[in-house]
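First to last, the sequence lines map onto chains A and B. Numbered according to our numbering, the first sequence terminates at residue 112, and the numbering increases by one at each position without gaps. Numbered according to our numbering, the second sequence terminates at residue 116, and the numbering increases by one at each position without gaps.
Please keep in mind that the hints were generated in silico from the structure rather than gathered at the bench. Heads up, the beta-carbon is just placed ideally off N, CA and C, and yes, glycines get one too. Mixed in with the good hints there might be a few duds.
As the list claims (entries may be wrong) - Okay, the calculated bits of chain A under chain B, using three or more residues with CB under 8 Å as the criterion: (1) 30-43; (2) 100-107.
Stated by the list, open to error - Straight-line Cα separation of at most 25 Å, DMTMM-like style, residue types lysine to aspartate or glutamate; simulated pairs: (3) B:K57 - A:E3; (4) A:K2 - A:D66; (5) B:K57 - A:E93; (6) A:K56 - A:D78; (7) A:K42 - A:D58; (8) A:K70 - A:E57; (9) A:K42 - B:E75; (10) A:K99 - B:E109; (11) A:K42 - B:E109; (12) A:K99 - B:E52; (13) A:K42 - B:E82; (14) A:K99 - B:E75; (15) B:K57 - A:E45; (16) A:K56 - A:E93; (17) B:K57 - A:E5.
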Amino acid sequence: QKEVEQDPGPLSVPEGAIVSLNCTYSNSAFQYFMWYRQYSRKGPELLMYTYSSGNKEDGRFTAQVDKSSKYISLFIRDSQPSDSATYLCASLENFGNEKLTFGTGTRLTIIP
Amino acid sequence: KAGVTQTPRYLIKTRGQQVTLSCSPISGHRSVSWYQQTPGQGLQFLFEYFSETQRNKGNFPGRFSGRQFSNSRSEMNVSTLELGDSALYLCASSPEGTAYSGNTIYFGEGSWLTVV
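Take the sequences, apply the hints, and build the full model.
As structure tokens, this is what we get:
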């Protein structure tokens with residue numbers, strides 16, 4: 001069993017819709033949670049970062065972490081065609097031990 | 001502020017050869033880590049260096065090695081290349097301090113390696 005599980009999709013939604021991307025994890029030691037966006041043939045770009053449980057909002061993006069259920073979510077409001085990319089969730093136990101564990105990534109397409 | 005810089009961006013090697021990839025972290029970042037990305041396995045951690053010392057290592061064979069220099073720049077080397085080593089190799093850097101202060105991990109654009 002992978003430490004971080006993510007539905008690979010693909011996921012297609014119409015422009016303007018709310019997108020929900022999710023991951024689950026099994027390692028209770030994970031404390032830091034990131035979402036990266038990766039366009040084709042590019043490196044991952046950091047979108048959101050949260051520490052422990054809770055919500056974090058940045059513009060159209062909201063990240064949620066529920067440590068009790070080991071569930072990580074990313075919501076995209078008012079989705080745009082430029083949001084079409086692969087979204088990767090990643091978890092980290094501690095800084096000082098910079099080993100990110102990634103989900104497989106979800107390929108998202110926003111249909112104009 | 002310049003991001004993480006990786007060179008070369010694209011390269012083709014023959015099975016059995018060796019390859020060296022280079023990474024310059026964001027200025028002031030002292031931790032450099034390397035990942036391999038393939039369609040089948042996704043992003044997998046190779047190793048991490050801090051202050052010229054390997055601090056963490058993933059589950060890859062000894063053909064994969066790395067080092068870090070005093071200026072925090074890092075190189076990774078793959079010897080005796082196999083077809084399965086074809087992948088995007090990504091370098092990431094992070095500063096000292098805890099993530100609670102907002103520090104976190106940033107990736108370069110990667111080096112695309114094709115082994116033929």
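Structure-based check of each hint:
{"no.": "1", "hint": "30-43", "in the structure": "holds (count 6)"}
{"no.": "2", "hint": "100-107", "in the structure": "holds (count 6)"}
{"no.": "3", "hint": "B:K57 - A:E3", "in the structure": "holds, 17 Å"}
{"no.": "4", "hint": "A:K2 - A:D66", "in the structure": "holds, 18 Å"}
{"no.": "5", "hint": "B:K57 - A:E93", "in the structure": "holds, 15 Å"}
{"no.": "6", "hint": "A:K56 - A:D78", "in the structure": "holds, 17 Å"}
{"no.": "7", "hint": "A:K42 - A:D58", "in the structure": "holds, 22 Å"}
{"no.": "8", "hint": "A:K70 - A:E57", "in the structure": "holds, 19 Å"}
{"no.": "9", "hint": "A:K42 - B:E75", "in the structure": "holds, 20 Å"}
{"no.": "10", "hint": "A:K99 - B:E109", "in the structure": "holds, 18 Å"}
{"no.": "11", "hint": "A:K42 - B:E109", "in the structure": "holds, 5 Å"}
{"no.": "12", "hint": "A:K99 - B:E52", "in the structure": "holds, 17 Å"}
{"no.": "13", "hint": "A:K42 - B:E82", "in the structure": "holds, 24 Å"}
{"no.": "14", "hint": "A:K99 - B:E75", "in the structure": "holds, 17 Å"}
{"no.": "15", "hint": "B:K57 - A:E45", "in the structure": "holds, 23 Å"}
{"no.": "16", "hint": "A:K56 - A:E93", "in the structure": "holds, 19 Å"}
{"no.": "17", "hint": "B:K57 - A:E5", "in the structure": "holds, 21 Å"}
Comparing the model with each numbered hint stated earlier shows that all of them hold.
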